[in-house]
Amino acid sequence: MGHEYVPEIAIDRDGNEHEVQGWQGDFYGGKLGFWLFMLTEVMMFGAMFLALAYYNTLHPQDFLDASASLNRLLGGTNTVILLISALTMGLGLLRMRAGDVKGAKLMIWATMILAVAFLVIKGFEWTAEYHHGIFLMHDKLLPESTLPFGQKLFFGLYFSMTGLHGFHIIIGIGLMIWLLKRINAGKVSTEHHILHWNIALYWDIVHLIWVFVFPYYYMIGAGGATGGH
Amino acid sequence: MSKTYFDETHCAIGHPKSTFMQWMLTIDHKRIGIMYAAVMFVFFFVAVFTAFAMRLELFAPGGQYMDGDTFNQAFTLHGVIMIFLFIIPGIPAVFGNIVMPLMIGAKDVSFPRLNWFTFWLYIAGCCIALASLFIGEGVADTGWTFYAPYSMNTGTNVIMALVAAFVLGFASILTGLNFLVTIHRLRAPGMTFFKMPLFVWGIYATAWIQLLATPVVGITLVLAILEKYFGIGIFDPAKGGDPVLFQHLFWIYSHPAVYLMILPAFGIMSEIIPTFSRKEVFGYRTIALSSASIAGIGYLVWGHHLYTSGMSDIAKTVFSFLTFFVAIPTGVKFYDWVATMYQGKIVLSTPMIWALGTIITFAIGGITGITITMIGMDVHLQDTYYTVAHFHYAILGGVVFLMFAGMHYWFPLITGKMYNETKAKIAFYLNFIGFNLLWFPMFIAGYYGMPRRYFDYLPEFEIYHQISFIGAVIFISGLIYMFWVFFKGWTKGEATTPNPWNATTLEWHLPTSPPPLDNHSKVPYVDFDPYEYKHGEPVVKFNYETMQRID
Ligand code: HEM
Ligand SMILES: [Cu+2]
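Chains R and V are the protein sequences, given in the same order. Our numbering puts the last residue of the first sequence at 229; the count rises by one with no breaks. Our numbering puts the last residue of the second sequence at 1551; the count rises by one with no breaks.
One chain only, chain V, in its complex shape (with noise of 0.2 Å):
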């Protein structure tokens, strides 16, 4: 038995005896990989929680538990770690470490110590996060965005937020670089561009808006640290500033996140489609180009955010009409997994139901989306529930699910065990259900006109807060079971061959699972392409002693 990553690891710093040591050293991408989806769980429920307690006061009209300002921190606190600390780090620092690598047939990222020093970064990151609950007045109030002048004007911790946010980006920065370069570089010999796997191209597109858009998004923080320090005048109209303009840099960024997010989110469909539909997938190059196109037009919409806040007609008429544009690379995406599956023979394992229901909810967020795209539809929805709903749709219904897809799709090859079906299966219907009944009220709600970000609402929203708040409850007792799944799975779950779902790509072809230390014991090379089927079987074989081809 040859030993794993579980038994092996490299260090940064010499060669420490204790496991534990073993694993805060670690420059391994795969342990790197679990140890940002550990800590990453952990603050998912926390924001979690969070929400929870927002629903509860949520639940009837009044106040009950919380007053007006607990609830403004509530919902700042849930975004920020939402988004900063979970998604947008999300899937790249969990599947990007641990299996774009096994994909390209390398034996590491570029930089490994550069990627040990951006763990501990995002750590860093996290810890100031959090200092900033106790320290001083307590977390910002100023929800994810922190939009001057009332970020400039608040008593709460806005600058340690601040920070955090900087930090983080700066780990994102630095993960995005060093995948850049680890695409370009180290992809087995024979494996042009175009014989990526689809998960890499979607790493590969967010790369490059992580390292182009976060730095913008940086200096704005620094500019509103510097204005809260030094008052420089920015964004202050006191001194002439503008605070339109923290808006507008704000967004260059935050919009291009959304790809940054969804992107290798769409990866891990591609994957997932083609394997258990058994076969090739449709349109491989629309799909790949449509990422890097996503990528591209996705820096040129931030504007919409901005309908509200002061702009000429036609650069609204413009933005509004870019994107637009950007829906039609995402529908490309969408008519190529659907023709991959249409006469496919399907496999409903959990994986693909988690993908297919993802089809659904995803497309729910991305029409909604499309709704208040159009200028006159979002002065009346913008800053509704109705956006809350559209946003929850897309981001939580979309990438969080799809990550959740993807935790259930390399869950053997990273464990090497397998978790019980059934009950995976039941725990995907109990958030997919309890999601639904959570989210859609709130799109009804919005319409009518419930503002977002009260804590206090007319007697006539109640009952969609209330459905809301049972849906809430069936969805994060699932989402506990489904941790719970896992959990048994790891630990007593039977072995599993390195290729359980008869998938194609070359992290499944590995001599043992979990993989050795060194990844592939053998670099094989790509003659292929990435998704070969025939009759619902995988084309190419591998003797695994010498990695030739045996098919």
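For reference, chain R alone in the conformation it holds in the complex (with noise of 0.2 Å):
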């Protein structure tokens, strides 16, 4: 760090003394920041789902229809891929308090490339969507396009929501590499952990968004339609 921190004392009028917080090694600190980080997530998706909401009440049938032509199968194993992956990430969290950093390190891994599976299924379903002619500036969803309008407003924000989520889990792996790198470098440890803390974290908040993209996109037309494309 640099610059070592000595907790220094304040003492009052009756001489008694109190410890001062320093910037420096203030895990609860840490934690808090990131907490609050993540609040401004929820705030950003937050006002793509009141856009969603929005147009759901001007369009609902076109909505449902739409949402009857997502791959239920493909977004389902998804969520639980990311629900599992929720589930290690949490665990190596657990090894590392617990002193195990091996196994917390092999939680990461697992993580990491349950992570992986869900982009590539992810791909999948774009590109499936793709030949369907269903794709930012393709086919269906130019203006001209005969599509009714609250379909191409749903595919639209579809692709942005799954898109912008898509590019969390990218970043994630990529704070997943740089914790495994931090933890062989000794940086982070039973003592250290708050990195890890908060990478935790925010792969909760990661899936949480998930929990509420799945059921609106995928499940709103799941009653009236055959599923799949």
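Hints were generated in silico from the structure; no laboratory data involved. Treat the hints loosely; a few may be bogus.
For lysine-lysine, the following DSSO-like pairs were computed, each having C-alpha atoms within a straight-line distance of at most 30 Å [as the list claims (entries may be wrong)]: (1) K1316/V - K1345/V; (2) K122/R - K1228/V; (3) K1492/V - K1017/V; (4) K181/R - K102/R; (5) K1003/V - K1316/V; (6) K1492/V - K1417/V; (7) K187/R - K1017/V; (8) K1195/V - K1492/V; (9) K1316/V - K1333/V; (10) K31/R - K1522/V; (11) K1345/V - K1333/V; (12) K31/R - K1195/V; (13) K1425/V - K1522/V; (14) K1228/V - K140/R; (15) K1017/V - K1003/V.
Interface residues of chain R toward chain V, partial, derived using beta-carbon atoms under 7 Å [claimed, not checked]: (16) V20; (17) Q21; (18) D26; (19) G33; (20) L36; (21) M44; (22) L136; (23) P143; (24) G156.
Covered stretches of chain R (chain V as the covering partner; in silico rule of three or more C-beta atoms under 8 Å from a C-beta of chain V) [as the list claims (entries may be wrong)]: (25) 6–14; (26) 47–54; (27) 157–163.
If you're wondering where the values come from, they're calculated on a predicted model, not measured in any experiment. Don't be surprised by glycine CBs; every beta carbon is placed ideally from N, CA and C.
Take each chain as given, in its own frame, and dock them per the hints.
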């Protein structure tokens, strides 16, 4: 850290001593900071859900129809994958706190592999949709196509939100690689694991957002359709 | 002589030999604040000269120096710089950084490296904004609000302006986050929330807005970028999208952003008034809590920007009602300031004169704001110069003036020198007179129907624009003169003591002026209120060796 921190003492009028909280090694502060940052993620996705809800009330039937055409099998598989990855991430943190650095690393690797699997499946989904003419700047989503407005909006938002969520997954993988490096360098350890803690929190939020994205996009149309393309 | 933060610094990476690199890599909150100020005021003057070009064009009816398209780009550039590069980050980035940690007895902000990163993120945002001037069809011509659908169709460089605003917004979020954690974690022992100086309260309320509102506009801008690139259709009527949704999402942020500008400015006022009245502030708690409630209510009133965009009558009425509601905590603050001055030993130093001047200009800005809160009035005055005059009175005559007040107030703290009082006062009068001459006629012109964002007008409005032009000349001369006085003060001014104003808050109880690298050499225990005066003298005194009270 360069500058070592020696806790300072302030003395009140009665001569009692009070420890001064420094910014160095403030575990609680680091945690609080990251929680606040995650709050901004929630606000950001919240605004998009607001837009989604607004258009949903304008075009309820179009939304159901569009949703029915999504691939619930792949989406559902992805949901399960993400839930398991949240579990492995959490277990990794528990391992780390228990002093089992090796086990922690193993769990982080597992999470990373699951995250990649998620992206691969997502890739398949998007490719299939592309072949159906449904993609940004592609046949059915062009202004001149005859697809109903509601469906165009649905897919526009679908690609924006799943795309942004996928982007978060990629960032998450990057963070985990970084975390592993820090662990190997001894910078993250049983005593100093704030980074691990925060990345686990990040991953929790990422999976939590998906838990809302999935029913909103994939499930609302489930009743009316035969599923899949 | 102990070393000050000008002699020494902590760096983000290693410890380079060259002074220049030491500044570039510094993680010292005081140096970072100074760098923000330097960059911001450069941009401020760029925007001022853009504004001057507009005033020159408007001096007479008809086109003189620029055509309509250039004029559109000029007011967009002016607005984008003033709002996103200057006044939104403004007071928090400068004084929040420099004095807030000193006020709460902290050695630095909670995440000094993040602070350093945030500064460079801000610089990156500025560079992107500037680059949009030269790339493609030039800077955006949409106005700083980027309203869809026009912004979706114009050929100018809207995408870059949007990206710049997004990056700057991100920097703003990180600043707010850093300050929130700092205020929660690093207060000196004994300093409860209700023993914090009022400026810290202002920063605290602001930080919540930065944190909670900015992501909403962030994602709005991202959606607009995606829409322009990939045609996702959310704001595009050709695909069933709703342009008014853009306005809603935009103002959900941008109205709270108005409070994000004004709350820290009110914080500066709340420091200056008790110090120069030599009296404990009246209604400390109501001032503190009104900041918090303004921040809260401020979220719910965005709709008053959409009266003319199509909204149900019920929604309009509700928004109008809620907007009136914000006036209450604001009024409480004004009342408290005046009550603080009442029977105080008022010292008319330059910071105090700026504060008093601002009470007048901001009151005009606020009262004219109430008139356009009324739906009927607003339908008439929307997009006229009345509105332009209103927000310049509120932002320039409120926020920017208080920023100047703060610059005079904390000048001796930051530099260890004193500026020339007489000259600084002359600068104030030039600014104050010039400002009123510049904007007051515009209320009248607007009331008679002079529309905003027009580069040409009917001859009957000529007289107002000409008075306004003269005002602009005086005002801009005043600005330049004021900065010259600062410059002279910094280079040639007399050295000051650590507490030249007889102020009571912690940032004035430092061992040296300017402050040492590690701020308070020892952190005091805070068992006193922030503004304790007795017979016009500060009550609390310290032994600067041990930082224990000796009164
Ligand atoms: C030297 C002082 C200033 C002068 C002479 C000036 C002048 C102007 C003028 C002539 C316009 C165009 C009005 C129109 O045609 O609608 C304008 C717009 C604007 N000004 Fe200023 N201004 C000054 C300072 C400021 C400051 C300090 C701020 C904010 C911090 C500010 C914020 C704005 C904004 C947001 C707009 C609206 C831009 C738009 O329509 O998109 N101005 N100003
Ligand atoms: Cu507003």
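Checklist entry - Okay, which hints does this one fail, numbers in order? => result When the structure is compared with the hints, numbers 1, 5, 8 and 13 turn out to be violated.
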